[in-house]
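Chains as they are written, first to last, in our numbering: chain A, 189 to 561; chain B, 189 to 561.
Please note: incorrect hints may appear among the correct ones.
20 Å max Cα-Cα, derived SDA-like pairs, lysine to any residue [as the list claims (entries may be wrong)]:
| no. | chain 1 | residue 1 | chain 2 | residue 2 |
| --- | --- | --- | --- | --- |
| 1 | B | K269 | B | E320 |
| 2 | B | K238 | A | E298 |
| 3 | B | K512 | A | R309 |
| 4 | B | K317 | B | T296 |
| 5 | A | K269 | B | Y497 |
Covered stretches of chain B (chain A as the covering partner; in silico rule of three or more C-beta atoms under 8 Å from a C-beta of chain A) [said to hold, decoys possible]:
| no. | segment |
| --- | --- |
| 6 | 210-216 |
| 7 | 533-540 |
Pair by pair, the computed Cβ-Cβ distance ranges are [to be verified]:
| no. | chain 1 | residue 1 | chain 2 | residue 2 | range |
| --- | --- | --- | --- | --- | --- |
| 8 | B | P338 | A | T473 | 50 to 56 Å |
| 9 | A | T558 | B | I295 | 56 to 62 Å |
| 10 | A | E344 | B | H305 | 41 to 47 Å |
| 11 | A | D362 | B | E536 | 57 to 63 Å |
| 12 | B | K475 | A | G213 | 37 to 43 Å |
For the record, the hints were derived by calculation from the structure and aren't laboratory data. Don't be surprised by glycine CBs; every beta carbon is placed ideally from N, CA and C.
Number of protein chains: 2
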Amino acid sequence: MLPVKYTLKKTDGKARLGEIETPHGKIQTPIFMPVGTQATVKTMTPEELKEIKAEIILSNTYHLFLRPGDELIAKAGGLHKFMHWDRPILTDSGGFQVFSLGALRKITEEGVKFNSHIDGRKLFISPEKSIEIQNNLGSDIMMAFDECPPYPAEYEYVKQSLHRTTRWAKRCIDTNKHKDRQGLFGIVQGGVHEDLRDISLEELMQYEDEFSGFAIGGLSVGEPKEHMYRILDYITPKLPENKPRYLMGVGEPLDILEAVSQGIDMMDCVLPSRIGRHGTVFTRTGKLVVKNAKYKEDFTPIDEECDCYVCKNYTRGYIRHLFKANELLGMRLATYHNLHFLIKMMDEIREAIAEDRFYEYKENFIKKYTGEK
Amino acid sequence: MLPVKYTLKKTDGKARLGEIETPHGKIQTPIFMPVGTQATVKTMTPEELKEIKAEIILSNTYHLFLRPGDELIAKAGGLHKFMHWDRPILTDSGGFQVFSLGALRKITEEGVKFNSHIDGRKLFISPEKSIEIQNNLGSDIMMAFDECPPYPAEYEYVKQSLHRTTRWAKRCIDTNKHKDRQGLFGIVQGGVHEDLRDISLEELMQYEDEFSGFAIGGLSVGEPKEHMYRILDYITPKLPENKPRYLMGVGEPLDILEAVSQGIDMMDCVLPSRIGRHGTVFTRTGKLVVKNAKYKEDFTPIDEECDCYVCKNYTRGYIRHLFKANELLGMRLATYHNLHFLIKMMDEIREAIAEDRFYEYKENFIKKYTGEK
Numbered sequence: 189m190l191p192v193k194y195t196l197k198k199t200d201g202k203a204r205l206g207e208i209e210t211p212h213g214k215i216q217t218p219i220f221m222p223v224g225t226q227a228t229v230k231t232m233t234p235e236e237l238k239e240i241k242a243e244i245i246l247s248n249t250y251h252l253f254l255r256p257g258d259e260l261i262a263k264a265g266g267l268h269k270f271m272h273w274d275r276p277i278l279t280d281s282g283g284f285q286v287f288s289l290g291a292l293r294k295i296t297e298e299g300v301k302f303n304s305h306i307d308g309r310k311l312f313i314s315p316e317k318s319i320e321i322q323n324n325l326g327s328d329i330m331m332a333f334d335e336c337p338p339y340p341a342e343y344e345y346v347k348q349s350l351h352r353t354t355r356w357a358k359r360c361i362d363t364n365k366h367k368d369r370q371g372l373f374g375i376v377q378g379g380v381h382e383d384l385r386d387i388s389l390e391e392l393m394q395y396e397d398e399f400s401g402f403a404i405g406g407l408s409v410g411e412p413k414e415h416m417y418r419i420l421d422y423i424t425p426k427l428p429e430n431k432p433r434y435l436m437g438v439g440e441p442l443d444i445l446e447a448v449s450q451g452i453d454m455m456d457c458v459l460p461s462r463i464g465r466h467g468t469v470f471t472r473t474g475k476l477v478v479k480n481a482k483y484k485e486d487f488t489p490i491d492e493e494c495d496c497y498v499c500k501n502y503t504r505g506y507i508r509h510l511f512k513a514n515e516l517l518g519m520r521l522a523t524y525h526n527l528h529f530l531i532k533m534m535d536e537i538r539e540a541i542a543e544d545r546f547y548e549y550k551e552n553f554i555k556k557y558t559g560e561k
Numbered sequence: 189m190l191p192v193k194y195t196l197k198k199t200d201g202k203a204r205l206g207e208i209e210t211p212h213g214k215i216q217t218p219i220f221m222p223v224g225t226q227a228t229v230k231t232m233t234p235e236e237l238k239e240i241k242a243e244i245i246l247s248n249t250y251h252l253f254l255r256p257g258d259e260l261i262a263k264a265g266g267l268h269k270f271m272h273w274d275r276p277i278l279t280d281s282g283g284f285q286v287f288s289l290g291a292l293r294k295i296t297e298e299g300v301k302f303n304s305h306i307d308g309r310k311l312f313i314s315p316e317k318s319i320e321i322q323n324n325l326g327s328d329i330m331m332a333f334d335e336c337p338p339y340p341a342e343y344e345y346v347k348q349s350l351h352r353t354t355r356w357a358k359r360c361i362d363t364n365k366h367k368d369r370q371g372l373f374g375i376v377q378g379g380v381h382e383d384l385r386d387i388s389l390e391e392l393m394q395y396e397d398e399f400s401g402f403a404i405g406g407l408s409v410g411e412p413k414e415h416m417y418r419i420l421d422y423i424t425p426k427l428p429e430n431k432p433r434y435l436m437g438v439g440e441p442l443d444i445l446e447a448v449s450q451g452i453d454m455m456d457c458v459l460p461s462r463i464g465r466h467g468t469v470f471t472r473t474g475k476l477v478v479k480n481a482k483y484k485e486d487f488t489p490i491d492e493e494c495d496c497y498v499c500k501n502y503t504r505g506y507i508r509h510l511f512k513a514n515e516l517l518g519m520r521l522a523t524y525h526n527l528h529f530l531i532k533m534m535d536e537i538r539e540a541i542a543e544d545r546f547y548e549y550k551e552n553f554i555k556k557y558t559g560e561k
């Protein structure tokens, strides 16, 4: 029995309404997962995450391996206890961050050698090491250690790389010490090539029974949107129906809508918190740079239609002041609002799917958000 | 009728238990006031301040005059509304900050010319301007614009300066447009000289009926502690019994205890939040640098005896990790704990005065805090 179970409740076109059961509770899909890279969703407390109805967060294996170290977190009783978060956690494999180091890393069949971005220490992560770290962290959902090629990449390279990702996936499965309480997701690679996506999926399906879910990796890495949408359209419906489908690294409202319309169940991205910390906030009519001078004497909320704590109690003018004065509360409020915005949006998306009007919802949202007539 | 009223409820030796009524509600004294320099208590929301039972905060006239400007705050509906804090606010006069600019300012009888520390703009604050700004901010308690000489300073200079402070106090009284809803405190200067303190107080007492309270300025500005304690001992009991007594710029636990034992009712200081943001926290057995390596694997709370949100839910090891990883949540948690520590301490102090055991409380606190046997 896998520790992570998916129940498909209903479809509306290709969009799926579902529920995922994990060792730390159930989550409703489609879902957006806030990112807590270093065992904290930047600027937020777990209580605030619950206030905005976050059901699951993501944390990063690479960062926690480097600092404070996965063994320290195991001693603290695991990541949930360490960071005071009792709901589900998904950890990535560390692969994406390691590959992003560029010249600082070297890939072999065995794994990846790299230098720490913090102190230059020489380190090594293999599929076995990645799972060992994730076992120490104790996340509910672990990701297989994959290679995520950059965009653009040679066809032949992407092909060789996806074969290695399959071999690494098998080694991840064999390493997992906590098969009863930590689910493992396989990651479909293949870049922007339909045929390679097919090969990757087919190879991973050998281990279908060992995977609690499937992710689509290698998108949202710099490729033009039409490629991303084309691949999503092509491969998502081919993923097993009875398991969650996770699109990695996506958090732009329009991308979320597209992903859901192709049958994606889970997404994550640092975007809402990162742009928030730099003074950009979501509204129903598009993004807004609240720290701009034009909001100096604007005593209306960030978004008139929003019912979050920030919009109920603070004005654009005040938040702008906080950013101009380098006050941390500005980052807190913008992050809070942005995460609330996406989580609320997912709520509405689920409701729309339940009522067979997701595509209408999507169209209306896009019209308003982009200002199209 | 003055808009700020003090009721002395009880004394224990020279220590006073009281209540101050302001246009935004009552506060219990002795009290510690967290500092919200730029219309925010750094890293905290007003709800969190209420959670730790803060009853009044201080905000800074100089900073708000410069950014975002007091006229903008008036347009926003006043400082309370601007920053979403509905309890009492005390504003300083801007004097202390302006004088701290050193070479960047020039003092005349008229007021002080200075260059903004933000953009170098040439600016001018006079007693009239200070009150005009504070009227725009709409604080419950305003401070008269005084000169706070540095330590050390020539006796003759301190003497001339206190005379000017008296003349300026009169101009402040005459300028206040909101006598019905903004109380004004006079500030006793005179440095570390008993005779000059007497002169300052005597001069200010000409306007006793116009002042809602009296502050002791010019202490905790770098002078040795024994001078501060000597002057406190000397001048505090001479302040009018029926008005609040405010010691400016004091927030060290041991100084607080000393001040209360001399009959001080109100104190403020950036210390608890500032040291918190740099990783130092209060405990009953003294301060502790939580970001130090020795706390890496310490999975106990900051202070075993503390019942605050931080100590109930997080460990030293986790908070250390947050500081090492430059995560803002670390600053939030340390600030929260430190402000809670002082406010809780004031709670206990009031209880001890009520039960005629303040001096016993003080002795026990000091023994434990300093590790004396």
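The hints, checked one at a time:
| no. | hint | verdict |
| --- | --- | --- |
| 1 | K269/B / E320/B | holds, 18 Å |
| 2 | K238/B / E298/A | violated, 55 Å |
| 3 | K512/B / R309/A | holds, 17 Å |
| 4 | K317/B / T296/B | holds, 14 Å |
| 5 | K269/A / Y497/B | holds, 15 Å |
| 6 | 210-216 | violated (count 0) |
| 7 | 533-540 | violated (count 0) |
| 8 | P338/B / T473/A: 50 to 56 Å | holds, 53 Å |
| 9 | T558/A / I295/B: 56 to 62 Å | holds, 57 Å |
| 10 | E344/A / H305/B: 41 to 47 Å | violated, 60 Å |
| 11 | D362/A / E536/B: 57 to 63 Å | holds, 59 Å |
| 12 | K475/B / G213/A: 37 to 43 Å | holds, 39 Å |
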